[in-house]
Amino acid sequence: MSGVTITGVGLVTPLGRKPDDFFEGLLAGRTGVAAPPPGHAAHGWLAAAGLAPAIDPMEVLPPKEVRGVDRFVLMALAAADDALADAGLVVGRDADPYRTAVAVSTGGAGLESFEQQSHRRLERGRAGVSPYLLPGMLANMGSARIAIKHGIRGYSSAIATACAAGAQGIVEAIRLISAGDADVVVCGGSESPLHPTIASAFSNARALAEGWADPAEASRPFDARRNGFVLGEGSAVLVLERTEHADARGAAGYADLIGWGATTDAHHPTAPRADGEGAAACMRGALTRAGLTPRDIGYVNAHGTGTKLGDAAETRALHTVFGAADGPAVSSVKGATGHLLGASGAVEAVATALSVARGVLPPTVNLDTPGPGCELDHVHGAPRQAAVQAALSNSFAFGGHNISLLFAPTSAATARFATATTVN
Amino acid sequence: MHDEIRAFVVNAVRDMNYDVSEVTGDTDLGPAGLDLESLALAELAVLVEDEFGVTFGTDDMESTALMTLDQFVAEVVRQVDGAAAHAASAAGGPAESPAADPA
Chain X
204 MSGVTITGVG LVTPLGRKPD DFFEGLLAGR TGVAAPPPGH AAHGWLAAAG
254 LAPAIDPMEV LPPKEVRGVD RFVLMALAAA DDALADAGLV VGRDADPYRT
304 AVAVSTGGAG LESFEQQSHR RLERGRAGVS PYLLPGMLAN MGSARIAIKH
354 GIRGYSSAIA TACAAGAQGI VEAIRLISAG DADVVVCGGS ESPLHPTIAS
404 AFSNARALAE GWADPAEASR PFDARRNGFV LGEGSAVLVL ERTEHADARG
454 AAGYADLIGW GATTDAHHPT APRADGEGAA ACMRGALTRA GLTPRDIGYV
504 NAHGTGTKLG DAAETRALHT VFGAADGPAV SSVKGATGHL LGASGAVEAV
554 ATALSVARGV LPPTVNLDTP GPGCELDHVH GAPRQAAVQA ALSNSFAFGG
604 HNISLLFAPT SAATARFATA TTVN
Chain S
53 MHDEIRAFVV NAVRDMNYDV SEVTGDTDLG PAGLDLESLA LAELAVLVED
103 EFGVTFGTDD MESTALMTLD QFVAEVVRQV DGAAAHAASA AGGPAESPAA
153 DPA
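Protein chains in written order, with our numbering: chain X, 204 to 627; chain S, 53 to 155.
Be a bit skeptical, because a hint or two may be false.
Distance windows between CB atoms, simulated [as the list claims (entries may be wrong)]: (1) S:D112 with X:H471: 47 to 53 Å; (2) S:D133 with X:E326: 22 to 28 Å; (3) X:E326 with S:A137: 24 to 30 Å; (4) X:T617 with S:D112: 55 to 61 Å; (5) X:E326 with S:A140: 26 to 32 Å; (6) X:G242 with S:G82: 37 to 43 Å.
Read the hints as simulated data drawn from the structure, not as lab findings.
Positions of the beta carbon are idealized from the N, C-alpha and C atoms, including for glycine.
Model the full structure from these sequences, guided by the hints.
As structure tokens, then:
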């Protein structure tokens, strides 16, 4: 099996766009969660949200192509541009276009664009609806627009498995490279859910954190006072590359992806299994695929959304796999970013890769006192130095889709950070 | 009416980020002139339909790509006049509303 190395990352997140800013923000315990300001579509509808930087359509598309393009597509394009630049990779120059693939996923695609056009139809009839709606909002348009812009001509896909979508785009990439079907895969996720209808749906489902006077305190994974998750928006795109391909062109690796697990709860449309069995089987699957044992795992970047049921179920799953004591260090970035739904798995893959590459683990923001049923070796209050030899990142979705990604220090000839190659 | 429609069309094309600084009545809408691509032509048709209460068929759109600006404007004027004549001959009945939602 070919090794799979991360050679580029691009981000649009509530902690900014530069990977260094994002990771330094995580380490410093900063939060990108705030109240949507006046003028924002979600102002008055969400008390707290993970707000990502604006993307000027003209930055990512030619002027004649910007019309009707949804924010989820703009963020996917911005993240992909940054990831390819970060990898120093130009498709056609550094990689065979037909052996380059794209798999950038989304949970809800361009729902805000659809809602706007629905309003126009109700007011004005058929003639109110723009023909630009479909190429602006369909779930495949992140991948499609990235392919058009960068001349990617191999395999392409977009997987709409809700909050597992971003992580599953990365699984798709690992599979393609491992099977020899691609040298390079541009993969990840993008999500733009901060508008009134989606906010109302999550709120009415009693999924969102409520009652926090300071929005910065609302997202608190595993904390005793947690009462729901905070919606966030953003995108993360990774360039995954066959390790030999990266070495041949002298590209440095952040980390390697050495395994993945995927299971389905087959239980309920939104609730996780209380015993966490689907999640546990998912993590075990990733370990088995890589030939590792639970003792090899030094860090788990948890799904950890801040809901009462979800965090407790994930804790049970971690206890099932690693035992109730002596398990790996655990943290969730969602205290800092909110829950980016279909982008979250990709954003957290970047966080996990940087943790492994730099040998330091980010703390869970707002985790003051672990709640009952959330007893884990939490990283909280401050970052923790740790030379991690293997790390998991979990993503669990509405629908019962479970994904675990397994990371290790890069095996590429050149590493991005010296730390990864100097640990024993 | 001709000037109003022409100004509307030029504004619509400008809003789609096409360069209209050197557009004249003889400029082609298609590849030889403004080079409106298929979705832009479709958007232009929808905007004109919505504003002036006319209707373009699929065949009309294919020929639109071969028209100059003034030829397109003349076609819209012809349809607007035809619709007005139709409305006059149907005097006494309720006004037709081509933009009504069929649902």
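For this session: Quick one: which hint numbers does this structure break? Sort them smallest to largest.
Result: The structure breaks none of the hints.
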